[in-house]
Structures are given as C-alpha cells and as structure tokens.
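Chains D and S, in that order, give the protein sequences.
Following the numbering used here, the numbering of the first sequence begins with 1 at its first residue and continues without gaps.
Following the numbering used here, the numbering of the second sequence begins with 1001 at its first residue and continues without gaps.
Since the hints were derived computationally from the structure, they do not count as laboratory data.
The C-beta atom is built at its ideal place from N, Cα and C for all residues, glycine as well.
Take the hints with a grain of salt, since some may be wrong.
What the hints assert, rightly or not - Pulled from the structure, derived: some chain S residues nowhere near chain D, Cβ distances all over 10 Å:
| id | residue |
| --- | --- |
| 1 | Val1004 |
| 2 | Gln1011 |
| 3 | Lys1042 |
| 4 | Val1043 |
| 5 | Glu1056 |
| 6 | Ser1058 |
| 7 | Lys1078 |
| 8 | Leu1084 |
| 9 | Glu1085 |
| 10 | Met1089 |
| 11 | Ala1093 |
| 12 | Gln1098 |
| 13 | Thr1103 |
| 14 | Gln1109 |
Claimed, not checked - Some chain D residues near chain S, calculated using beta-carbon distances under 10 Å:
| id | residue |
| --- | --- |
| 15 | Ser10 |
| 16 | Ile12 |
| 17 | Ile13 |
| 18 | Asn32 |
| 19 | Gly41 |
| 20 | Thr51 |
| 21 | Glu54 |
| 22 | Ser85 |
| 23 | Ile89 |
| 24 | Pro102 |
| 25 | Thr103 |
| 26 | Arg106 |
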Amino acid sequence: KNQVEQSPQSLIILEGKNCTLQCNYTVSPFSNLRWYKQDTGRGPVSLTIMTFSENTKSNGRYTATLDADTKQSSLHITASQLSDSASYICVVSGVSGGSYIPTFGRGTSLIVHP
Amino acid sequence: EPEVTQTPSHQVTQMGQEVILRCVPISNHLYFYWYRQILGQKVEFLVSFYNNEISEKSEIFDDQFSVERPDGSNFTLKIRSTKLEDSAMYFCASSETQQLGTTEAFFGQGTRLTVV
C-alpha cells in the first residue's frame, strides 16, 4: 500500500531560525514528489516539485531534497519568518499504466514564534 | 494571477440532502481534480477528470459522488445523499496537463461542507 510518512508532526521554532522537515514514502512506481504549504483553512500551495532524476530543488528560502534510493525527502526552510507558520505537506505521486494517483502525507505543522 | 475559485466557501446541509460544490478551474487547464480534507486529517484524493470523463478515482469516490463539467468553465462535485461523515473541506484543483513530471496543480480555497 502506498504511504507517505512525515516527521515531525509539529514543530515550533523562533523567527530567523532554520528547520528541516522529513518525508518518507513507499509509493511505487514513483513519478514525482511535491511539497505544499497549507495555511489554516486555505488550499495547498505548491512549493517544489521533483522527479526521479532530481535530488535538490530550491524555491526562495525553501530547499527540497530527494533521495529516490532510500525514498526520503526533506524540506529545509532557511531564516524562518512568521508567515512560514503553516502545515507543510509532502505528496508523492505514483504512475501506473499512465494513471496518476497522489498520496498525501499528514503534514508537519510549523509554528514560528517571534 | 489566474486562480481556481470555489463556491460556496461554506455549505451547511442536512443529512440525506444533495449538495453540489462548484469550481471554476484556471481557463487553459485541461485536468481537474477534487480532494477532501476531514478536519484534522490529511488531504485525500477523490477524482481526476479529463476530456469530459473521469480518468482516476479513489475508493472514497463511490456511487454517492459524481462530477460534471456542465459548461466550458465550471467543474462540479455532487454528493447525492450526504452523510455526517461527508463533513470536510473539499478542494478543487486544476493543471495544464496530467500531474506527471513537474506539472503543477493549483488548488482552490476550498468549500467547507458541514452535514448536520
């Protein structure tokens, strides 16, 4: 069964600090891995998308890594800001016979304190 | 910037009633999706739609659910006879092509459905 596990479940950091969120998956065959930011009560917003051949991708202060061999990904946030407080969701898509099925993680709830 | 819009933002309905959730995807997108998120739980894929037919659906998307693109702009999710456990945030999303590779999907702000 395809699964995406994220850790930690929640994280509290001080403004300006860095943090790293983890994602482990068992989705196979693999198509891509996405990190989304979801503010409370809002729709997810895409941060990064990585395919099998990519092992790092940046979007401003967000840097995602992917190790397709160990089926792990991380999202590193640099110099956190108060507006980074949100849920960060890892989504892994498998593809089979041209079909696309995404599997969502439960998300990591990040709180940035001043 | 183009965006996916959903209406209404909040819908309250009585158990057993039919509800229709509406979405206007980004105009040049060809693939459309519905997801749901029960309060405190993870987002779950419901269905994808392309070329006026369902391309994928999850186990959640049973006979109570249906999708339709009634005209050139709207994409709707109908729940025929709502149950208490249908209470959730429902997100619509769209993408230019199928979400393989690096194609990005854009989500709407969601419709919060409350079944009482």
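Going through the hints against the structure:
Residue-level check failed: Val1004 (chain S) sits 8 Å from the nearest beta carbon of chain D, not beyond 10 Å. Separation of Gln1011 (chain S) from chain D is adequate, the least Cβ-Cβ distance of about 15 Å exceeding the 10 Å criterion. The Cβ of Lys1042 (chain S) sits about 4 Å from the closest Cβ of chain D, inside the 10 Å cut-off, so the non-interface label is violated. Not every CB of chain D lies more than 10 Å from the CB of Val1043 (chain S), the least distance being 4 Å, so the non-interface label is violated.
Distance check for Glu1056 (chain S) against chain D: the nearest CB is about 5 Å away, which does not clear 10 Å, and the non-interface claim fails. Look at Ser1058 (chain S): its CB is around 8 Å from the nearest CB on chain D, not clear of 10 Å, so calling it non-interface is violated. Every C-beta of chain D lies more than 10 Å from that of Lys1078 (chain S), the closest at about 20 Å, which supports listing it as non-interface. Annotated as non-interface, Leu1084 (chain S) keeps its C-beta farther than 10 Å from every C-beta of chain D; the closest such distance is 21 Å.
Against chain D, the non-interface label of Glu1085 (chain S) holds: every CB pair exceeds 10 Å, the least being about 18 Å. For Met1089 (chain S), the non-interface assignment is contradicted: its Cβ lies about 8 Å from the closest Cβ of chain D, within the 10 Å cut-off. Not every CB of chain D lies more than 10 Å from the CB of Ala1093 (chain S), the least distance being 8 Å, so the non-interface label is violated. A beta-carbon of chain D comes within 10 Å of the beta-carbon of Gln1098 (chain S); the shortest separation is about 5 Å.
Interface exclusion of Thr1103 (chain S) from chain D breaks down, the closest Cβ pair being 8 Å apart, not more than 10 Å. The non-interface label for Gln1109 (chain S) is inconsistent with chain D: the shortest C-beta to C-beta separation is roughly 5 Å, within 10 Å. With a least beta-carbon distance of about 12 Å to chain S, the hint placing Ser10 (chain D) at the interface is violated under the 10 Å criterion. Taking 10 Å as the C-beta cut-off, the interface hint given for Ile12 (chain D) is violated, the closest approach to chain S being about 18 Å.
For the restraint placing Ile13 (chain D) at the interface with chain S, the shortest Cβ-Cβ distance is roughly 22 Å, beyond the 10 Å limit, so the hint is violated. Nearest Cβ of chain S to the Cβ of Asn32 (chain D): about 6 Å, under the 10 Å cut. The hint holds. Hint status for Gly41 (chain D) relative to chain S: holds, with the closest Cβ pair at about 7 Å, below 10 Å. Against a cut-off of 10 Å between C-beta atoms, the interface hint on Thr51 (chain D) holds, since the closest Cβ of chain S lies about 6 Å away.
Taking 10 Å as the C-beta cut-off, the interface hint given for Glu54 (chain D) holds, the closest approach to chain S being about 9 Å. Here the hint on Ser85 (chain D) is broken, as its CB sits about 17 Å from the closest CB of chain S, past 10 Å. Taking 10 Å as the C-beta cut-off, the interface hint given for Ile89 (chain D) holds, the closest approach to chain S being about 7 Å. At its closest, the beta carbon of Pro102 (chain D) sits 5 Å from a beta carbon of chain S; the interface hint therefore holds under the 10 Å criterion.
A hinted interface residue such as Thr103 (chain D) counts as satisfied when its beta carbon comes closer than 10 Å to some beta carbon of chain S; here the least separation is about 8 Å, so the hint holds. With its C-beta approaching chain S no nearer than about 4 Å, Arg106 (chain D) sits inside the 10 Å limit, and its interface hint holds.
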